[in-house]
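Go ahead and model the full structure; you've got the sequences and the hints to work with.
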Amino acid sequence: MAAPTSMLLTGISELWTLDPALDDPARPGRVTEEQVLHDAAVVIEDGRIAWTGPEAEAPPADAAEDLGGRAVLPGWVDSHSHLVFDGDRAAEFEARMAGQSYAAGGIGVTTAATREASDERLRRLVRARLAEAAAGGTTTMETKTGYGLTVADEARAARLLAALAKCGELDEVTFLGAHLVPGEYDGQEGRPGAEEYVDLVAGEMLTAVAPHVRWIDVFCEEGAFTPEQSERVLRAGAAAGLGLRVHGHQLGRSGGVVLAVELGAASVDHLNHLSADDVEALVATVSRPTADGEGPGLLAVDAGPTVATVLPACDLSTRAPLAPARALLDAGAALAIASNCNPGTSYTSSMSFCVGTAVLQMHLSLDEAIRAATRGGALALRRSDVGHLGIGALADLHVLDAPAAIHLAYRPGMPLTHQVRRRGERIA
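Residue 193 in our numbering sits at position 181 of the sequence shown, with consecutive numbering throughout.
If a hint is listed, it holds; no wrong ones were tucked in.
Derived Cβ-Cβ restraints for the label pairs, each shown as a range:
hint, residue 1, residue 2, range
1, R42, M426, 19 to 29 angstroms
2, P66, D413, 19 to 29 angstroms
3, A125, P204, 17 to 27 angstroms
None of these hints come from the bench; they were simulated from the model.
Where is the CB? At the ideal position from N, CA and C, for every residue including glycine.
Below is the structure:
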């Protein structure tokens with residue numbers, strides 16, 4: 013018997029469509045009443061949203077399921093993660109909780125373990141982490157290379173991720189060879205230094221990795237890469253046809269915001285330390301029209317806004333000042349929330365936890381946090397087909413085991429995911 017091509021979901025107490033067609037131009041970044049339906053239903057056809065509206069008006073479909081009065085959101089769009097790694101940094105975390113400050117150098121511990129891992133072990137670890145994220149409602153995920161830091165190891169990670177993306181297990185792949193200058197490039201005893209490593213990243217390493225990735229990223233921070241070095245890497249990536257992303261302002265005012273804005277980067281992430289000028293620069297990018305199609309903007313004024321991506325779980329794990337998400341939204345910046353899942357500073361892929369934290373500690377409203385973790389992440393990835401449940405969007409649904417989405421903050425840390433659908437198919 014052929015599988016049904018259409019599915020009617022009923023019994024939805026709240027349906028957060030976040031439909032872009034219903035945005036209020038006078039309130040950019042906000043959720044309108046029309047974007048949250050009550051006593052609603054949704055029809056899925058061929059993996060996409062075909063209809064939404066009141067349950068009493070729902071059209072027939074090949075199959076139907078009653079969700080029992082639960083809330084339904086778009087699947088989370090996690091636009092920043094680091095999943096290709098081996099090794100454990102629990103001792104580093106424990107020391108940080110005892111008072112040590114975070115420094116970028118801890119990345120080297122993971123690099124050593126990752127280089128030693130077999131291809132099959134890394135593949136198995138990444139798949140397990142993707143499954144964990146999906147079980148918590150994440151249906152679109154970006155992840156990065158960056159724990160190999162040799163040509164061979166970065167290319168290996170990129171190929172592994174590209175293969176997972178090709179078979180639909182992953183969505184967006186980013187090259188992060190400029191994560192940290194590895195120990196063998198310390199400039200001591202005749203060995204090459206940081207500048208030589210930047211040459212490698214922007215040259216031979218990029219050439220090996222570029223066919224397998226869509227984005228290039230750089231850790232523009234004290235202890236990692238200077239703004240000048242970061243610009244060299246990003247310009248080389250742009251010349252190779254890659255979209256731009258930036259880690260910046262995690263440990264201090266690194267210059268990453270100015271660099272990201274000037275080069276038309278899709279996002280700049282972390283943002284714990286911002287000046288008024290940094291915020292103003294991010295706000296100014298919101299007026300950029302998004303480039304036609306669904307490709308990343310490359311060194312162009314039509315690249316769309318540089319999205320300010322905050323990482324609440326990382327801020328808690330490093331005991332850093334919380335990124336000023338409230339101030340960014342109030343000023344008019346485009347905002348995303350992501351997990352930053354990685355072994356050193358944010359070993360969680362729970363976007364529900366990040367959303368709850370944004371409400372409870374960053375002083376966002378529920379609708380602002382949900383939008384940042386869905387529509388915001390999609391914008392940071394230059395995707396218009398995910399992050400919402402408007403007609404034609406991919407049918408990526410997160411069904412909560414709760415009658416209202418406010419339970420994400422009202423009951424923090426509780427397992428509130430009832431069901432997850434990706435492209436219409438149930439995956440959790």
